[in-house]
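Peer 1: What follows is the residue order along each chain.
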Amino acid sequence: MTNISDWMYSDIVKDHFMHPRNVLTDESTFQPDGKGIIGNIKCGDEMIVVIKVDKEKGTIKECKWKTYGCASAIASTSVLSELAIGKTLEAAYHLTSKDIAAALGGLPEHKIHCSVLGDKALRAAIDDYYSRNGMTDKIQQEQAHIICQCLGITDAEIEHAVLEGARTYLELQERTKIGTVCGKCKEKSLHLLELYKEKYFKT
Amino acid sequence: MKQKIKTKILGLRPGKNRRIYLDHNATTPLHPQVQKALVKAMKVFGNPSSLHRFGREARAAVEDTREKVAEFINAHPEEIIFVGSGSEANNTVINLFSCAAFRKCEIQSLPLQGREIITTTIEHPCLLESAACIAEKGTIVRYVGVDSTGKINMDELKNTVSENTGLVSVMAANNEIGTIQDIKTIAGIVHEKGGLFHTDAVQAVGKFPLDVKALDVDYLSFSAHKIYGPKGIGALYVKKGVPFCPFIRGGHQERGRRAGTENTLGIIGLGKAVEMRKKEMAEESRRLVGLKARFKKGIEGSIPDIRFNGHPVDSLPGTLNVSFAGAEGEAILLYLDLEGIAISTGSACASGSLDPSHVLLATGVPREQVHGSIRISMGRETSTKDVDYAIAKFSSVIKRLRTMSTVPKGV
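Chains as they are written, first to last, in this note's numbering: chain L, 1 to 203; chain E, 1 to 411.
Simulated from the structure, these hints should not be mistaken for laboratory data.
Heads up, some of the hints might be wrong.
Pairs of lysine-lysine, DSS-like flavour, derived with a Cα cap of 30 Å [said to hold, decoys possible]:
| no. | chain 1 | residue 1 | chain 2 | residue 2 |
| --- | --- | --- | --- | --- |
| 1 | E | Lys399 | L | Lys52 |
| 2 | E | Lys399 | L | Lys42 |
| 3 | E | Lys151 | L | Lys42 |
| 4 | L | Lys14 | E | Lys393 |
| 5 | E | Lys231 | E | Lys68 |
| 6 | L | Lys14 | E | Lys399 |
| 7 | E | Lys137 | L | Lys186 |
Every value quoted in this text rests on a predicted model; they were computed, and no experiment measured them.
Can you make the complete structure from the sequences, with help from the hints?
Peer 2: This is the structure:
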């Protein structure tokens, strides 16, 4: 194997990219208890996450995935599947992109956006499980709507970013990466930015 | 001995650790003859402007290259200005026009009309960003589109060029898809309305014969490192009598057209590179056209759901651009890198900018296919064996990525 020590990625990213874990190779026969799809290939990233749940313990016993995307997107979903397996649904629900990046030994700045999809896909799969099993009361962010289709960023996240201090579109982008792919959501997010600014900070 | 040099240049080692460089449009390895010339040139340290023997020695070397470059593109030596790169050459020309249109200086007296610049949607970023910059300062910049093969829309160009057009800039050959433009026809359209014509020929010079007189261009940019010469040296052809304004000021070098002590070492390397191109270009182009056909056939035969981008015929001999459905470009690039194969991609993820290739988007390639596009660019060291090895690796890498993709094409 060629020496790749000078890659821009960490050794853990390299390892997951070269040896991805839990790939959904048996999609036609795999019977998931929950399934989540997020992203869009037009934007360069799309992920499917499927889970099987140990209903007695309320834990994830299997987590498989498929990803269309770059090395860090592939590695992110791979490491996410490892993080999810064995966790309770509640704990898995609260995995964040930061947890994924940390488990990968860090990601280059411009690659963070590749990891924000994985945790969303997992949450979507858990939500799917909840709704299949009459547990819709557990679904959080039920009111959230996806604004940025490319990165799956919701109005709730825009609200959160505004609460955390984002006042301009640029600051909003810095915090959420919204509109950094195809940019089609700019008008919508500008509107929401003003809305939340008014809601919380109007004097 | 010859074999030994070759091995050293590309770092090719037999067996498992083989490295295959298929990214010649990014840059090329130094020609062995250029290396030799550079080693010799390291002793030439005098300032070409000095009157003493050391200076005169350097001056002779610089002027020798100027003659070689001029002869290579059928220009006069005094029409060649040495610059730091192809990007500098392009910046010089674009900025000259914003300056000429708005400032009062000597070039105002020259026949310069209009305040408009026209260029295309597939130019190199150094040109597009210079154009965007002068647009902010008040120059009107118009962009002409291309068809699905990357050829400029001639009718659109004819309709856009007017008496207000000061300059039109169209690249001779595209770096990403290799499409070659009909420069002579374009120059004719521009001159008919009285405008001036510039071509960015960074990818074209040394790949096929270029004659500035026959093509009737007013400005032409090119660079040494794309033709097996050193980095950091380029040349700008400025036709005798056309407006000019230096981009870098403060010195009498290059007849006052580009300040800064001449990069003697680079210039000598450029001279040797051009000399070698003159000898090897025709034969190499024939060989590369054959290798490209082999590559295409091999990929087509072993990988389903692909598309080739660019013009099927009017294309740089060694350039091949392919889109693979269901596989993303950066992932392809990195998997191939692990196999020792170097290519580049138009995918957003590899650029750091999140924007996929503007060239492929301009030719109408769907966004999802742009993300899965890669560029193969072969050169003088590329062998049939390299191509066959690469085809096999492409096939396995694409298959592997597709098995873990949400878009499981061709599995």
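Peer 1: All the hints need checking, so say for each whether the structure fits it.
Peer 2: Okay, the hints, checked on the actual structure:
This hinted pair checks out: Lys399 of chain E and Lys52 of chain L have alpha carbons roughly 27 Å apart, not beyond 30 Å. Between Lys399 of chain E and Lys42 of chain L the CA atoms are separated by roughly 20 Å; this keeps the pair inside 30 Å, and the hint holds. A hinted pair counts as satisfied when its Cα atoms are at most 30 Å apart, and Lys151 of chain E with Lys42 of chain L qualifies at roughly 25 Å. Distance check on the hinted pair: Lys14 of chain L and Lys393 of chain E sit about 19 Å apart at the alpha-carbon level, within 30 Å; holds.
Taken as a hint, the Lys231 of chain E and Lys68 of chain E pair is honoured in the structure, with Cα atoms around 18 Å apart against an allowance of 30 Å. Restraint check: the Cα-Cα separation between Lys14 of chain L and Lys399 of chain E comes to about 19 Å, which is no more than 30 Å; the hinted pair holds. For the given pair, Lys137 of chain E sits about 26 Å from Lys186 of chain L by alpha-carbon distance, which is consistent with the 30 Å threshold.
In summary, this structure violates none of the numbered hints.
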